[in-house]
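Take a look at the letters that make up each chain.
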Amino acid sequence: MIKFTLNGKTEETNAPATTRLLDLLRDDFELIGTKEGCGEGECGACSVFVNNLLQNSCLIPIGSIAGAEIQTIEGILETKKFKILDESYSDAGGVQCGYCIPGMIMASAALLSKNPHPSKAEIREGISGNLCRCTGYNMIVDAINQAAKKGDGIW
Amino acid sequence: MVEKMTATYRFDRLEQTLSQLNREDCLIMAGGTDIMVLHKSGRGVPLKLPKPLIFIDHLSELKQVFQNHKDIHIGACCTYSELLEHPLIPVSLKNAIKTIAAPAIRNRGTLGGNICNASPAGDTLPLLYVYNAKLLLRSVTGDRIVEISDFIQGPRRVQRYQNEILAEIILPSVLEEGAYVVFEKVGNRNADAIAKVGFAGYIRINEARIEDVRFAFGAVGPTMVRSIDIERKLVGKTIPLADADIVQVVAGFDKIIRPIDDQRSTATYRKTVALNLLRYFLSMKQYQAN
Ligand SMILES: Cc1cc2nc3c(=O)[nH]c(=O)nc-3n(C[C@H](O)[C@H](O)[C@H](O)COP(=O)(O)OP(=O)(O)OC[C@H]3O[C@@H](n4cnc5c(N)ncnc54)[C@H](O)[C@@H]3O)c2cc1C
Ligand code: FES
Ligand code: FES
Numbered sequence: 001m002i003k004f005t006l007n008g009k010t011e012e013t014n015a016p017a018t019t020r021l022l023d024l025l026r027d028d029f030e031l032i033g034t035k036e037g038c039g040e041g042e043c044g045a046c047s048v049f050v051n052n053l054l055q056n057s058c059l060i061p062i063g064s065i066a067g068a069e070i071q072t073i074e075g076i077l078e079t080k081k082f083k084i085l086d087e088s089y090s091d092a093g094g095v096q097c098g099y100c101i102p103g104m105i106m107a108s109a110a111l112l113s114k115n116p117h118p119s120k121a122e123i124r125e126g127i128s129g130n131l132c133r134c135t136g137y138n139m140i141v142d143a144i145n146q147a148a149k150k151g152d153g154i155w
Numbered sequence: 156m157v158e159k160m161t162a163t164y165r166f167d168r169l170e171q172t173l174s175q176l177n178r179e180d181c182l183i184m185a186g187g188t189d190i191m192v193l194h195k196s197g198r199g200v201p202l203k204l205p206k207p208l209i210f211i212d213h214l215s216e217l218k219q220v221f222q223n224h225k226d227i228h229i230g231a232c233c234t235y236s237e238l239l240e241h242p243l244i245p246v247s248l249k250n251a252i253k254t255i256a257a258p259a260i261r262n263r264g265t266l267g268g269n270i271c272n273a274s275p276a277g278d279t280l281p282l283l284y285v286y287n288a289k290l291l292l293r294s295v296t297g298d299r300i301v302e303i304s305d306f307i308q309g310p311r312r313v314q315r316y317q318n319e320i321l322a323e324i325i326l327p328s329v330l331e332e333g334a335y336v337v338f339e340k341v342g343n344r345n346a347d348a349i350a351k352v353g354f355a356g357y358i359r360i361n362e363a364r365i366e367d368v369r370f371a372f373g374a375v376g377p378t379m380v381r382s383i384d385i386e387r388k389l390v391g392k393t394i395p396l397a398d399a400d401i402v403q404v405v406a407g408f409d410k411i412i413r414p415i416d417d418q419r420s421t422a423t424y425r426k427t428v429a430l431n432l433l434r435y436f437l438s439m440k441q442y443q444a445n
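Taken in sequence, the protein lines are chains A and B.
Per the working numbering, residue 1 is the first one in the first sequence, and the count goes up by one each step.
Per the working numbering, residue 156 is the first one in the second sequence, and the count goes up by one each step.
Worth flagging that the hints you see were computed from the coordinates, not collected in a lab.
A virtual CB, placed ideally from N, CA and C, is assigned to each residue, including glycine.
There's no promise every hint is true.
[Claimed, not checked] A partial selection of chain B residues facing chain A, derived with a Cβ cut-off under 8 Å:
no., residue
1, 243
2, 256
3, 259
4, 262
[To be verified] Listed below are the simulated SDA-like cross-link pairs for lysine to any residue, each with C-alpha atoms no more than 25 Å apart in a straight line:
no., chain 1, residue 1, chain 2, residue 2
5, A, 3, B, 203
6, A, 3, B, 198
7, B, 195, A, 14
8, B, 218, B, 197
9, B, 249, A, 3
10, B, 249, A, 81
11, B, 253, B, 192
12, A, 114, B, 246
13, B, 195, A, 13
14, B, 249, B, 200
15, B, 203, A, 99
16, A, 114, B, 238
17, A, 3, B, 171
18, B, 206, B, 166
19, A, 120, B, 165
20, A, 3, B, 209
21, B, 410, B, 330
22, A, 80, A, 39
23, B, 225, B, 305
24, B, 253, A, 3
25, B, 289, B, 313
26, B, 289, B, 228
27, A, 3, B, 410
28, A, 120, B, 203
29, B, 253, A, 121
30, A, 81, A, 53
31, A, 3, B, 165
32, B, 218, B, 173
33, B, 206, A, 120
34, B, 249, A, 51
35, B, 203, A, 13
36, B, 203, A, 81
37, A, 3, B, 201
38, A, 114, B, 313
39, A, 3, B, 200
Use the sequences and the hints to build the structure in full.
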């Protein structure tokens with residue numbers, strides 16, 4: 001039995017310890033905002049927070065998250081930070097097919113929490129583990145830049 | 156048919172972990188960023204592993220960084236992000252770490268994992284070689300210390316006994332003043348790329364004379380390429396180096412660097428870039444200690 005916190009609630013599971021956190025979230029908890037792209041750490045579609053740190057859930061066997069605090073995109077939907085990112089992504093035209101977006105939002109939030117006033121280069125570094133097949137990234141960089149300005153003081 | 160599930164262990168203390176390793180051969184998992192890719196099983200299928208799995212990433216005994224006289228000791232399970240924030244970690248090592256993967260991987264991947272994975276392209280390895288890093292291996296029977304160049308034997312091959320854990324990476328005399336140390340990585344793009352060539356250079360100068368100099372190349376052979384013989388020939392020479400000396404050193408490495416072609420690059424490209432990085436390092440007019 002593995003116990004952990006998921007989006008603020010205490011949870012437990014009997015799934016094998018070698019199950020990927022990504023599969024546990026999607027299949028057992030039906031949190032399908034977290035996506036699978038590559039399954040090997042390259043694309044960031046599966047990004048979640050583990051103890052407030054951005055991590056790729058496809059690379060985490062659940063045996064290692066005993067006692068940890070997990071947050072998925074669903075867990076931040078009601079926050080002010082998410083609302084600002086949501087608006088900024090829409091305004092900047094940063095969303096096309098949307099597949100990469102939950103992971104991008106998690107990476108954006110992680111970046112801004114650490115560095116509330118990032119330069120363009122720092123923004124690109126912050127999302128360097130997240131692939132987007134549609135936008136060409138410029139609109140995403142603009143979106144994060146806008147979110148930094150709009151949310152000044154809350155990150 | 157029901158498949159047997161992989162046994163997994165996660166003990167609270169290092170001591171218990173070492174006892175288990177002494178009883179049973181296990182696959183040690185730190186951040187898992189190499190293991191999970193190597194044993195990728197696909198959607199919805201728990202990993203299939205050749206051995207029982209033992210988690211060590213949470214063990215606080217393996218996450219300390221401290222100074223002992225002039226040496227720095229780094230816990231094997233410190234993640235890259237933790238090292239980037241630690242005041243004792245040398246700037247050159249931080250610069251190398253910044254070239255590794257992307258934030259999410261750096262929040263999980265460990266220095267110990269990079270060493271034990273022993274990839275020819277492991278980005279911390281060239282620097283650890285020029286620092287003359289020593290590794291502290293711990294088991295139920297005690298500690299032993301080995302040179303990193305003796306520990307790493309080939310791609311994914313290290314000289315570790317079944318009951319041992321890499322506990323600490325020791326950077327000897329790194330706090331001695333006056334050394335200039337650099338790491339250069341050439342990859343496909345700035346972030347999130349595996350190295351085509353890595354180069355680390357170390358030089359200590361006293362009144363324009365070279366007291367100590369070391370070079371290591373990554374991704375151009377099965378392990379890091381270093382030559383104590385070539386390095387010794389430069390000791391005592393004055394800076395800036397004469398062209399003839401530079402030519403001689405470059406020619407020396409030209410003979411011993413034997414890269415391969417693979418999906419990331421060609422042997423010719425790798426060798427050219429490696430020697431250019433070396434030539435550039437040797438041609439500098441001055442070396443500011445860092
Ligand atoms: C998307 C992606 C990008 C990457 N980019 C880079 C890059 O740019 N540069 C680079 O160098 N690497 C890169 N890597 C590889 C990897 O992240 C690093 O090698 C990392 O340092 C591995 O650490 P880990 O803790 O995750 O290792 P793990 O996967 O946990 O372990 C790796 C190996 O070391 C053994 N091991 C780990 N710790 C110990 C210990 N303390 N004692 C004994 N054995 C141990 C394990 O048994 C295993 O064989 C990348 C990986 C991914 C997935
Ligand atoms: S699915 Fe995890 S990084 Fe691509
Ligand atoms: S919007 Fe389609 S992958 Fe990014």
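Quick rundown of the hints versus the structure:
{"no.": "1", "hint": "243", "in the structure": "violated (21 Å)"}
{"no.": "2", "hint": "256", "in the structure": "holds (7 Å)"}
{"no.": "3", "hint": "259", "in the structure": "holds (5 Å)"}
{"no.": "4", "hint": "262", "in the structure": "holds (4 Å)"}
{"no.": "5", "hint": "A:3 <-> B:203", "in the structure": "holds (22 Å)"}
{"no.": "6", "hint": "A:3 <-> B:198", "in the structure": "holds (22 Å)"}
{"no.": "7", "hint": "B:195 <-> A:14", "in the structure": "holds (21 Å)"}
{"no.": "8", "hint": "B:218 <-> B:197", "in the structure": "violated (31 Å)"}
{"no.": "9", "hint": "B:249 <-> A:3", "in the structure": "violated (35 Å)"}
{"no.": "10", "hint": "B:249 <-> A:81", "in the structure": "violated (30 Å)"}
{"no.": "11", "hint": "B:253 <-> B:192", "in the structure": "holds (21 Å)"}
{"no.": "12", "hint": "A:114 <-> B:246", "in the structure": "holds (20 Å)"}
{"no.": "13", "hint": "B:195 <-> A:13", "in the structure": "holds (22 Å)"}
{"no.": "14", "hint": "B:249 <-> B:200", "in the structure": "violated (37 Å)"}
{"no.": "15", "hint": "B:203 <-> A:99", "in the structure": "violated (28 Å)"}
{"no.": "16", "hint": "A:114 <-> B:238", "in the structure": "holds (16 Å)"}
{"no.": "17", "hint": "A:3 <-> B:171", "in the structure": "holds (21 Å)"}
{"no.": "18", "hint": "B:206 <-> B:166", "in the structure": "holds (17 Å)"}
{"no.": "19", "hint": "A:120 <-> B:165", "in the structure": "violated (41 Å)"}
{"no.": "20", "hint": "A:3 <-> B:209", "in the structure": "holds (18 Å)"}
{"no.": "21", "hint": "B:410 <-> B:330", "in the structure": "violated (33 Å)"}
{"no.": "22", "hint": "A:80 <-> A:39", "in the structure": "violated (30 Å)"}
{"no.": "23", "hint": "B:225 <-> B:305", "in the structure": "holds (23 Å)"}
{"no.": "24", "hint": "B:253 <-> A:3", "in the structure": "violated (33 Å)"}
{"no.": "25", "hint": "B:289 <-> B:313", "in the structure": "holds (14 Å)"}
{"no.": "26", "hint": "B:289 <-> B:228", "in the structure": "holds (9 Å)"}
{"no.": "27", "hint": "A:3 <-> B:410", "in the structure": "violated (57 Å)"}
{"no.": "28", "hint": "A:120 <-> B:203", "in the structure": "violated (42 Å)"}
{"no.": "29", "hint": "B:253 <-> A:121", "in the structure": "holds (13 Å)"}
{"no.": "30", "hint": "A:81 <-> A:53", "in the structure": "holds (16 Å)"}
{"no.": "31", "hint": "A:3 <-> B:165", "in the structure": "holds (13 Å)"}
{"no.": "32", "hint": "B:218 <-> B:173", "in the structure": "holds (16 Å)"}
{"no.": "33", "hint": "B:206 <-> A:120", "in the structure": "violated (45 Å)"}
{"no.": "34", "hint": "B:249 <-> A:51", "in the structure": "holds (23 Å)"}
{"no.": "35", "hint": "B:203 <-> A:13", "in the structure": "holds (19 Å)"}
{"no.": "36", "hint": "B:203 <-> A:81", "in the structure": "violated (39 Å)"}
{"no.": "37", "hint": "A:3 <-> B:201", "in the structure": "holds (18 Å)"}
{"no.": "38", "hint": "A:114 <-> B:313", "in the structure": "violated (37 Å)"}
{"no.": "39", "hint": "A:3 <-> B:200", "in the structure": "holds (20 Å)"}
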